Structures are given as structure tokens and as C-alpha cells.
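Trainee: Just so you know, the sequences run in chain order U and A.
Per my numbering, the first sequence starts with residue 9, numbered consecutively.
Per my numbering, the second sequence starts with residue 7, numbered consecutively.
It is worth saying that the hints were derived from the structure and are not from the lab.
Bear in mind that the values here come from a model prediction, so they are computed numbers and not experimental data.
Beta carbons: idealized from backbone N, C-alpha and C, even for Gly.
Certain hints may be false.
[What the hints assert, rightly or not] Here are the computed lysine-lysine pairs in the BS3-like style, where the Cα-Cα straight-line distance is at most 30 Å:
1. A:505 - U:360
2. U:25 - U:68
3. A:100 - U:346
4. U:373 - A:505
5. A:91 - U:360
6. U:120 - U:25
7. U:360 - A:90
8. U:400 - A:602
[What the hints assert, rightly or not] Distance windows between CB atoms, simulated:
9. U:359 - A:573: 23 to 31 Å
10. A:467 - U:89: 57 to 65 Å
11. A:364 - U:336: 15 to 23 Å
12. A:410 - U:345: 50 to 58 Å
13. U:110 - A:579: 27 to 35 Å
Given next are the chains, with one letter for each unit.
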Amino acid sequence: MGDIDQKIMNKVIKIAKKKETNFPESYIDDIAEAYVRRELTDKELETLITKVKKAYERSKVESGEAIGTVAAQSVGEPGTQMTMNTFHYAGVVELNVTLGLPRLIEIVDARKTISTPTMAIYFDEDHRFDDEFVKKTASTIAKITINDVLDDFHVDYGQMNVEIVIGPEKVKEKHLEFDDIILDIEKSFKKHTIDIDNTKITIAPKLDKRNKSGIQIRDIRLLADKIRDLQISGVKDVIRVIIRKDEEWVLHTEGSNLKSVLKMEGIDQVRTTTNHIHEIYTVLGIEAARNAIIKEALNTLEEQGLSVDIRHIMLVADMMTADGTVKSIGRHGISGTKSSVLARAAFEETGKHLLNASIRGEVDKLTGIIENIIIGQPIPLGTGSVSIMMKK
Amino acid sequence: MSNTKIYINGELIGTCENPEEFVTEMREKRRSGGISEEMNITYYDKTSEIYIFSDPGRARRPLIIVKNGVPLLEEDHIQSIMEKKLKWDDLIGKGIIEYLDAEEEENSYIAMGFHDLNEGHTHLEIDPSTMLGICAGIIPFSNHNSSPRNTMEAGMTKQALGLYVSNYMHRTDTRAHLLHQPQTPMVKTRIIDVTDYDKRPSGQNFVVAVMSFEGYNMEDALILNKSSLERGLARSSFFRSYEIFERKYPGGQEDKFEIPGKGVRGYKSEKAYKHLDEDGIVNPESYVESGDVLIGKTSPPRFLEEIDEFGSANEKRRETSVTVRNGEKGIVDGVLLIETVEGSKLTKVRVRDTRQPEFGDKFASRHGQKGVVGLILSQEDVPFTENGVVPDLIVNPHAIPSRMSVGQVLEMVAGKAGCIKGERVDGTPFNPNMETEIKKSLTDNGFESTGCESLYNGMTGERIEAEIFIGVAYYQKLHHMTTDKMYARSRGPVQVLTKQPTEGRAREGGLRFGEMERDCLIAHGAALALKERLLDESDKYEAIVCSECGMLSVHDKIRNKIYCPICGEVDSFPVEISYAFKLLLDELKSLCIFPKLILEDKA
Chain U
9 MGDIDQKIMN KVIKIAKKKE TNFPESYIDD IAEAYVRREL TDKELETLIT
59 KVKKAYERSK VESGEAIGTV AAQSVGEPGT QMTMNTFHYA GVVELNVTLG
109 LPRLIEIVDA RKTISTPTMA IYFDEDHRFD DEFVKKTAST IAKITINDVL
159 DDFHVDYGQM NVEIVIGPEK VKEKHLEFDD IILDIEKSFK KHTIDIDNTK
209 ITIAPKLDKR NKSGIQIRDI RLLADKIRDL QISGVKDVIR VIIRKDEEWV
259 LHTEGSNLKS VLKMEGIDQV RTTTNHIHEI YTVLGIEAAR NAIIKEALNT
309 LEEQGLSVDI RHIMLVADMM TADGTVKSIG RHGISGTKSS VLARAAFEET
359 GKHLLNASIR GEVDKLTGII ENIIIGQPIP LGTGSVSIMM KK
Chain A
7 MSNTKIYING ELIGTCENPE EFVTEMREKR RSGGISEEMN ITYYDKTSEI
57 YIFSDPGRAR RPLIIVKNGV PLLEEDHIQS IMEKKLKWDD LIGKGIIEYL
107 DAEEEENSYI AMGFHDLNEG HTHLEIDPST MLGICAGIIP FSNHNSSPRN
157 TMEAGMTKQA LGLYVSNYMH RTDTRAHLLH QPQTPMVKTR IIDVTDYDKR
207 PSGQNFVVAV MSFEGYNMED ALILNKSSLE RGLARSSFFR SYEIFERKYP
257 GGQEDKFEIP GKGVRGYKSE KAYKHLDEDG IVNPESYVES GDVLIGKTSP
307 PRFLEEIDEF GSANEKRRET SVTVRNGEKG IVDGVLLIET VEGSKLTKVR
357 VRDTRQPEFG DKFASRHGQK GVVGLILSQE DVPFTENGVV PDLIVNPHAI
407 PSRMSVGQVL EMVAGKAGCI KGERVDGTPF NPNMETEIKK SLTDNGFEST
457 GCESLYNGMT GERIEAEIFI GVAYYQKLHH MTTDKMYARS RGPVQVLTKQ
507 PTEGRAREGG LRFGEMERDC LIAHGAALAL KERLLDESDK YEAIVCSECG
557 MLSVHDKIRN KIYCPICGEV DSFPVEISYA FKLLLDELKS LCIFPKLILE
607 DKA
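Start from the sequences and build out the full structure, keeping to the hints where you can.
Mentor: In C-alpha cells:
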């Protein structure tokens with residue numbers, strides 16, 4: 009609501025300050041909007057703010073509430089209903105995406121390599137409906153190897169060389185230039201003799217000091233594979249691109265490389281995204297990673313028809329990203345780095361933690377839940393979070 | 007085309023050039039008796055492999071061999087079988103019937119019935135229901151049931167009480183159940199005939215009404231007619247046998263069956279021995295309860311005893327009697343006095359307990375429809391039909407549609423028709439012409455062909471507005487009974503090591519307050535309720551902690567002094583901890599780790 013007068017905004021902020029509220033900014037915006045829309049008097053505005061304050065404070069979580077356990081139960085219980093079968097589709101039929109429980113586990117484990125990375129690439133306003141541009145971009149993103157433009161391929165064990173014939177039509181189809189391909193080949197096979205005869209290219213290993221014994225058949229075979237798999241175009245790690253048009257053109261990819269794609273021209277940097285959380289963290293930072301965790305986890309749950317309150321997942325994401333890196337939930341992440349020895353020992357690798365604690369002479373302050381359960385004291389939570397203060 | 011590999015019992019034995027011919031020849035030889043009929047051979051053309059199996063443990067089933075679309079079993083064969091001239095083994099010997107294993111079935115084209123036969127068929131089913139085993143074969147109209155229900159029933163038949171053996175009175179099974187008046191099912195199948203199920207049945211025919219009744223049969227509960235039970239319906243006996251022998255110990259000492267004297271170590275109470283006869287063994291037909299001694303026995307002392315003032319070793323024998331199990335009772339059914347191989351005296355005592363159905367006992371029909379007793383209703387209050395028929399059992403209509411056990415509905419109609427006609431009905435699956443016959447016999451006797459009738463409320467006598475489906479179904483009493491499972495504990499024994507309550511009903515254990523239950527109390531913030539469960543009601547322990555070094559102090563009870571093993575007599579304070587934590591501290595100490603407890607004033 010940018011069209012609300014700054015004067016009115018200031019007025020609302022002033023009254024809010026007077027009432028000792030600490031609303032989020034969006035509340036102020038909403039109140040200001042209501043003030044204008046309903047044509048409230050100043051007195052009514054004041055009552056409104058008082059009432060909003062009351063409702064806001066009532067809905068806040070009370071201190072001593074076991075939000076972590078409640079969040080765990082709220083995610084865990086629907087999780088039991090999630091089927092292990094990975095239904096491989098997500099909006100785009102041709103694309104296989106891990107979903108369901110395996111995906112959820114992947115998210116909370118904060119994996120560095122995920123099983124099915126995928127991107128959704130959007131275009132900026134100028135190119136959103138530009139068919140030609142979208143198709144061209146798609147072909148530059150998609151991985152193309154020599155194998156895709158071959159007309160003929162032949163391994164000659166007599167001459168000990170590899171003969172390839174590049175099809176000009178195929179090259180054109182892929183929006184490539186023949187000369188670029190030649191350049192790529194020359195660059196990649198500097199140590200080989202390359203003989204170019206129109207579209208026919210013959211590549212043979214050079215005899216040098218190292219392989220005195222001559223060229224082995226194995227070398228030729230390896231070379232043949234290498235030539236076929238040589239990438240001549242496309243973004244690294246992106247294997248396939250699927251073009252979709254719903255309201256506008258969108259590219260879905262198999263494989264993900266956010267950094268390179270965001271650099272490309274005509275791309276909407278705001279909406280283009282990937283499902284690879286660690287990549288988002290390295291490219292866009294920790295806040296983006298937090299939002300990505302929330303979005304991905306919530307989508308995974310919703311896709312299975314389960315509704316979990318977003319605040320539970322926000323808590324999970326906050327815990328995972330609180331120290332500036334993406335930590336997993338589990339042995340190597342949150343549970344494994346708790347401050348209490350007893351809590352860590354109770355979780356996993358009991359011996360290791362007890363031993364290390366004894367070597368370092370760690371002191372357990374018994375401030376957590378698990379420690380206090382182990383030693384048999386009331387937990388510092390809920391009814392146990394209150395105690396008597398003595399006058400000195 | 008490369009040679010086909012031949013495997014015998016999974017081992018590569020050789021190759022062959024013309025597999026088709028080879029396989030046919032092998033089969034011919036098996037049929038003519040040249041090779042054992044236990045051999046099965048399969049040819050996989052896709053992988054060009056031949057598998058020959060002859061090892062034990064394969065599931066095989068008999069089929070009629072078909073040649074050129076004509077089954078080899080002919081009319082005169084059947085005639086001679088009827089005249090008992092031809093036997094099963096003869097049919098196999100003549101190569102008319104052969105057994106196939108799962109592997110060879112892959113090479114076969116089996117016709118379900120005579121009418122389906124065509125040129126391509128290699129085999130013909132003897133009867134479609136032969137593909138069912140013993141348990142599944144007992145289900146009538148199983149072709150009308152959903153498959154999970156048939157699977158469940160096949161499992162439950164094994165749990166049904168019945169006449170499990172006919173020499174049960176001479177046996178001493180540790181545990182045995184016996185149904186008092188087993189009946190042969192009104193609706194039978196051909197497999198029931200073949201397996202002689204009628205000779206040792208495991209259920210009774212119940213008159214079943216399908217209706218709700220005051221909500222007491224919600225969620226698969228059953229309502230039983232009390233008068234039916236008093237007439238002996240679903241009544242059973244439970245037998246438990248106890249046995250022990252006089253063990254001989256090195257050194258010439260041995261156990262002795264006797265009424266233990268009062269001086270014996272571990273003497274129970276006089277009351278516990280009251281059923282014992284002079285020989286230290288109970289008399290048959292005496293009523294015993296848990297804790298009562300069945301076989302009185304004393305054993306020689308385990309270690310050399312302390313020497314008394316006269317200088318002779320005081321022989322104080324131990325009490326090692328056999329008592330009735332905790333929570334069980336019964337009447338001594340029989341006492342057996344025999345000898346072990348070594349020549350020691352061996353005694354077996356069998357205790358019998360009558361089990362009249364009670365709340366929570368489990369019953370099941372033959373269609374995977376299981377439930378527990380939810381109400382035992384006096385006959386006066388049970389709805390009745392116009393003819394005055396009162397059902398034995400009332401099941402909830404919600405049990406039927408979602409489970410699609412249509413076989414139960416058919417069984418009930420067929421059972422009803424059979425009862426009216428006074429003859430048993432055949433309910434073999436895949437028999438298509440049953441329906442009309444059953445319907446006709448119902449209508450002939452003035453019933454509705456659907457099996458529905460008007461019922462009258464037993465309490466008010468009013469006619470129930472809806473027509474109630476009522477029929478006869480065979481119900482089985484399953485061996486999950488309330489008396490065997492009912493349990494509660496307030497205080498009781500604890501484990502020696504952890505001082506936590508023991509586990510399990512047999513050990514009079516506590517009910518576990520598990521991890522997830524713990525999480526729930528945490529989530530509620532019920533800190534003190536949680537502490538009560540996990541500490542006060544479990545392994546609460548008052549440790550005395552040395553204020554100087556933080557180690558546990560020692561309380562010398564004789565001198566009533568508290569001291570620290572390291573610091574001596576310094577200030578020590580009592581701290582309430584769990585015994586498990588004390589164990590953890592001890593274990594760490596044993597690993598040369600010194601855990602210290604730092605004390606501070608509790609606010």
C-alpha cells in the first residue's frame with residue numbers, strides 16, 4: 009500500500025508508539041489502510057490500535073512453551089502418513105523430481121548434493137512472451153554434446169583414430185555455429201592431431217615420449233567416449249531444459265546451476281529459482297536459504313495433501329540457518345552441536361561424546377530438557393520454568 | 007544361436023543345442039516313469055536357460071495333463087476311481103496327473119475348467135478351488151470376498167479353538183485350548199471334505215443378526231446372547247501343564263518331592279501347601295489358584311552351609327516347588343508320575359480352566375470379520391424374529407460394505423437355507439449355480455430370498471422398523487482372551503540393576519512410559535507430571551554428594567556416619583537423582599572418568 013499518505017502513516021506510528029506496541033511493520037500498514045478505507049475518527053483509530061495490541065499479545069507464544077517439541081510433533085505426525093513411494097512428477101510431467109518423505113529428509117539433512125536438482129527459470133518483462141528469445145535461451149542453457157550433432161561416428165582401429173562427421177542441419181537446429189564446435193574440439197584436444205576435412209573430423213592421439221609402446225586400443229576407446237561426451241554448448245550441470253507456457257514462458261531444467269543462469273540476459277533474477285538449497289545459500293546468502301527451506305518443505309508437505317502450519321517449518325528453518333550456515337538436523341548438525349554433554353550423549357554416539365567431554369573437562373550446566381530428564385529433575389519448561397527468587 | 011545352459015538345482019551342469027526338444031523329452035520321461043515325478047523342468051527362451059529342480063521344499067500342485075486340447079483324464083478313469091480300482095498314485099504313474107512347481111508353471115498354459123479348454127492348453131485344473139490351501143480352502147464363497155479378507159481369514163483359522171487333537175486327555179502340552187462343543191460348519195466346501203475338517207472342527211454355527219444395538223457393537227465389537235453362552239456356546243477349556251523332576255546333584259545329593267517342612271529356606275505359607283498329598287503332589291480335581299503349590303519339592307543347599315555350634319554342617323534345604331502361574335487358576339486335571347531317562351522321578355501336572363466367553367474375547371467368522379465381545383446381553387433383551395428365533399450374535403452392519411466380504415453375506419443366507427432344509431450346503435468357491443438354489447429353498451419355506459426378517463425389540467416388544475438381515479454363520483473363537491491379557495499394576499517388583507520397574511505381565515511389570523509419551527508431556531510443559539512419571543514412579547534415588555569433590559558420599563549405616571571416600575568427613579548433601587544417572591556416574595568412574603557434581607543452592 010504505497011498510496012497511503014505519509015502523514016497518516018506517521019500518525020498511526022505515533023499512536024502505536026504511545027500505546028507501547030511493538031507491531032511488525034505490516035501491521036502498521038494494515039491499520040493505516042483500514043483507517044483510510046473505513047474513514048475512522050482519531051478516537052476510533054486509538055481503540056483499534058488498543059484492540060489489535062491486545063489480540064497481538066494474546067496470540068503470542070507464551071514463554072516456557074515447548075515450541076520445538078510441538079514443531080517436531082506437528083511435522084512428524086503427518087510425516088508418518090507420507091507414503092514412501094516417490095511420485096515422480098511436479099507440475100511438469102516430463103521432469104522427475106524427488107517428492108514426499110525422501111525429499112523432506114533431503115531438506116532437513118541439508119544435503120550438498122540433492123538427488124534431483126531442478127530450476128524454474130522466468131524471464132523479465134521484455135522477454136516473457138518472446139517465443140524466439142525463449143527458445144534460443146533454452147538451447148543455450150541445455151547441455152549439448154558432440155553426440156547430439158553427429159551424423160556419423162567411427163572408430164578406426166587400423167589407423168588408430170576416431171572419425172566423426174558433424175551434421176550441419178543438426179547444428180542449425182540447436183542454434184549453434186559450426187566454427188564454434190571446431191574451436192571447442194581444438195581447445196579440448198590440444199594434445200591430439202586433428203584433421204578437418206569439411207564436416208569430417210579425424211582425431212588421433214599424438215605419439216609422444218610417454219607412450220613409447222605405441223597407442224593402445226584402450227586409449228582409442230577412451231578417446232572415442234571423450235569426444236562423444238564433449239560439451240559444446242550449455243550451462244554446466246544442466247542436463248535438460250523443458251519449455252513451458254502457462255501464463256508466460258517458463259523453463260524447467262534437470263540439473264541446476266543458479267549462478268550461471270542468473271548471469272544470463274533476459275532472465276528475471278527475482279523469480280528464477282532452484283530447489284537446491286545449498287546452491288541458494290552460496291549464491292544468494294543465508295536469508296534466501298532460510299526462505300528456500302521454508303518454501304521447499306512446505307511445498308513437499310502440501311503436495312502430499314498434508315497441512316502443517318508454516319510457523320513450525322519456519323522454526324525448523326530458523327534453527328537450521330541461525331548461525332549463518334545451513335546446518336542439518338541430526339548428528340552433524342543441530343543435535344550434534346548442542347552445548348550439553350548429556351544431551352549429545354543421549355542422542356547418538358554416546359561413547360564419543362562422553363570421552364571427549366572428559367578429555368576437555370566439560371561442565372554441563374543442566375539448562376536443557378534432556379539433561380534434566382536424565383538426572384531426574386523437573387525440566388526448565390512449562391510449569392518447570394518458574395522458580396522462587398530469594399531475597400539476599 | 008548359442009547353446010542353452012542347463013541348471014540342476016541352481017548349478018550349471020551343461021548345455022544343450024535344441025532346448026525345446028530336450029525339455030519335451032524330459033517331461034515325457036517323467037510322465038512315463040523314466041525319471042522321478044518329483045523333477046520339474048522349465049525352459050526360459052528369453053535367457054536361453056533350462057532350470058531343472060528336484061530339491062525338497064518346493065511348493066508343487068497337481069494338474070491334469072492336456073494333450074491337443076483333450077485332458078488325459080477320461081470317463082473310464084473316473085469310473086474306476088469311483089469303484090476304487092484306481093488310486094491317486096496310479097494316476098500319477100500313468101502320466102495323467104502331474105505336479106508342477108512355481109517355476110514350471112511359467113511354461114504351462116492351464117485351463118480353469120473343462121469348458122475353457124483349447125488347443126494351446128497344456129494342463130487342466132482338477133478343480134478351481136485346488137489352488138487354495140488348507141486354511142483358505144475352509145472359507146466358503148471365498149471368490150466373493152476381497153483378497154485381504156481371505157488372507158486375514160487364512161491366518162485366523164490357525165488361531166481358532168477347536169478339537170486340536172483327539173488324544174488331548176493323554177497329552178501334556180504346556181498350553182492347550184479345547185472348544186467344548188465344536189460343530190461342523192453348516193456351509194462347507196469341498197476342501198473341508200478333503201481335509202477331514204469335519205472330524206476336528208474349530209467353531210460353531212451362530213445365528214447372526216446384522217444390526218446395530220445401543221452402540222455396543224461399534225468398531226467391530228460383538229454382542230453375544232447370554233443364554234446362548236450359558237447353553238455352552240463358545241465355551242472352551244484351557245490346559246496348562248507343569249512339569250519338574252528330581253534333579254540329582256554331584257555329591258550324591260538330590261531333590262525330593264515332599265511337603266516342605268517349616269525349616270526349609272524359602273518356606274511359603276501353610277496355605278500354599280494345603281492341596282498337597284503325602285507324596286508332595288496335588289490331588290486331581292482340586293481347585294488351585296495362583297501361588298498354590300502343585301508339586302512340593304526341596305533341593306539340597308547350593309553352597310556348603312555355615313557350621314552350627316555343634317560343628318556339623320547344618321543341612322538347610324531350599325524350597326523349589328512348582329506353583330500355579332501368576333494370574334492363572336483352575337482345577338487339577340491330571341497328575342502324571344513317571345521317570346526320566348536317568349531314572350529320576352518326573353511329575354507332570356495338568357491344570358484345566360473353563361473359559362466362558364467374556365468381554366474382550368475375540369471371535370471371527372470365516373471371512374476375516376473379527377471382533378471382540380462388547381456386550382453380553384440377556385436373552386430377554388435380545389431382539390427376536392416372528393418365529394421366536396433369538397440370535398446368538400449381533401454384528402454391526404458397518405463391518406460389511408467397506409471390507410467387501412460378500413462371502414459372509416452369502417454364507418449367512420446359505421446357512422439359513424441349510425438350517426431350514428436340514429441339510430448342509432456346499433459353499434465351494436467358483437461354483438456358479440448356488441444363488442438360485444439357496445433363494446428357492448428360502449422362499450419355499452416362507453422366508454424372504456434376501457434373508458431379511460422383521461425383528462422385535464426384546465426390551466419393548468415393538469417391531470423394529472427396518473428389516474434385519476439374519477442368518478447362520480460359522481464363527482470361530484480365537485485364542486486371544488481377556489483373562490490371558492488383562493493386567494494392571496500400581497506397585498510391584500523392580501529390576502535389580504536399574505531399580506526401574508520390571509517389564510511384562512508375566513513379571514508383574516509396569517506399563518512403559520515411552521519416548522513419545524515423554525515428548526507429549528514435554529510439549530504440554532507439564533514438567534512436574536513428567537518428573538513424577540520418570541523419577542518418583544520409577545527409579546528415584548537419594549544420592550549423598552560430597553560438597554568438596556562432587557563425588558557420591560557413603561552412608562555408613564552401622565555407625566550412622568556420612569563420609570566422602572576422598573575428602574573424609576566433610577559436608578555432604580542429599581540430592582534427588584534417578585538411579586539410572588547414578589549408574590551412569592558409576593560406569594564413567596569404572597572407565598577412569600571422574601564425573602563431579604557441582605552443588606548449588608536450589609532456588
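Trainee: Take the C-beta atom of residue 110 of chain U and the C-beta atom of residue 579 of chain A, compute their distance, and say whether it sits inside 27 to 35 Å.
Mentor: violated (53 Å)
Trainee: Just to be careful, I want the Cα atoms of residue 100 of chain A and residue 346 of chain U compared with a cutoff of 30 Å; is the pair within it?
Mentor: Distance of about 78 Å is beyond 30 Å: violated.
Trainee: Does the Cβ-Cβ separation between residue 467 of chain A and residue 89 of chain U fall within 57 to 65 Å?
Mentor: This hint is violated: roughly 49 Å between Cβ atoms.
Trainee: Against the 30 Å threshold, does the CA-CA distance of residue 505 of chain A and residue 360 of chain U hold or violate the hint?
Mentor: holds (27 Å)
Trainee: Are the Cα atoms of residue 120 of chain U and residue 25 of chain U separated by 30 Å or less?
Mentor: It is violated: about 45 Å lies between the C-alpha atoms, which goes past 30 Å.
Trainee: Would the hint linking residue 91 of chain A and residue 360 of chain U be met if the CA-CA limit is 30 Å?
Mentor: Violated, at roughly 79 Å.
Trainee: Assuming the hint says 15 to 23 Å, is it satisfied by the Cβ distance from residue 364 of chain A to residue 336 of chain U or not?
Mentor: violated (53 Å)
Trainee: Using the beta carbons of residue 359 of chain U and residue 573 of chain A, state whether their distance is inside 23 to 31 Å or not.
Mentor: Holds, since residue 359 of chain U and residue 573 of chain A (Cβ atoms, about 30 Å apart) stay within the stated range.
Trainee: So if I understand the rule, the pair passes when the alpha-carbon distance is 30 Å or less; does residue 400 of chain U with residue 602 of chain A pass?
Mentor: With Cα atoms ~28 Å apart, residue 400 of chain U and residue 602 of chain A stay inside 30 Å; holds.
Trainee: Quickly compare the C-alpha distance for residue 373 of chain U and residue 505 of chain A to 30 Å and report which way the hint goes.
Mentor: holds (26 Å)
Trainee: Tell me if the beta carbons of residue 410 of chain A and residue 345 of chain U are separated by a distance inside 50 to 58 Å.
Mentor: holds (53 Å)
Trainee: Sort out whether residue 68 of chain U lies within 30 Å of residue 25 of chain U, counting only the CA atoms.
Mentor: With a Cα-Cα distance of about 19 Å, the restraint between residue 25 of chain U and residue 68 of chain U holds, given a limit of 30 Å.
Hints 3, 5, 6, 7, 10, 11, 13 from the list above are not met by this structure, while the remaining hints are.
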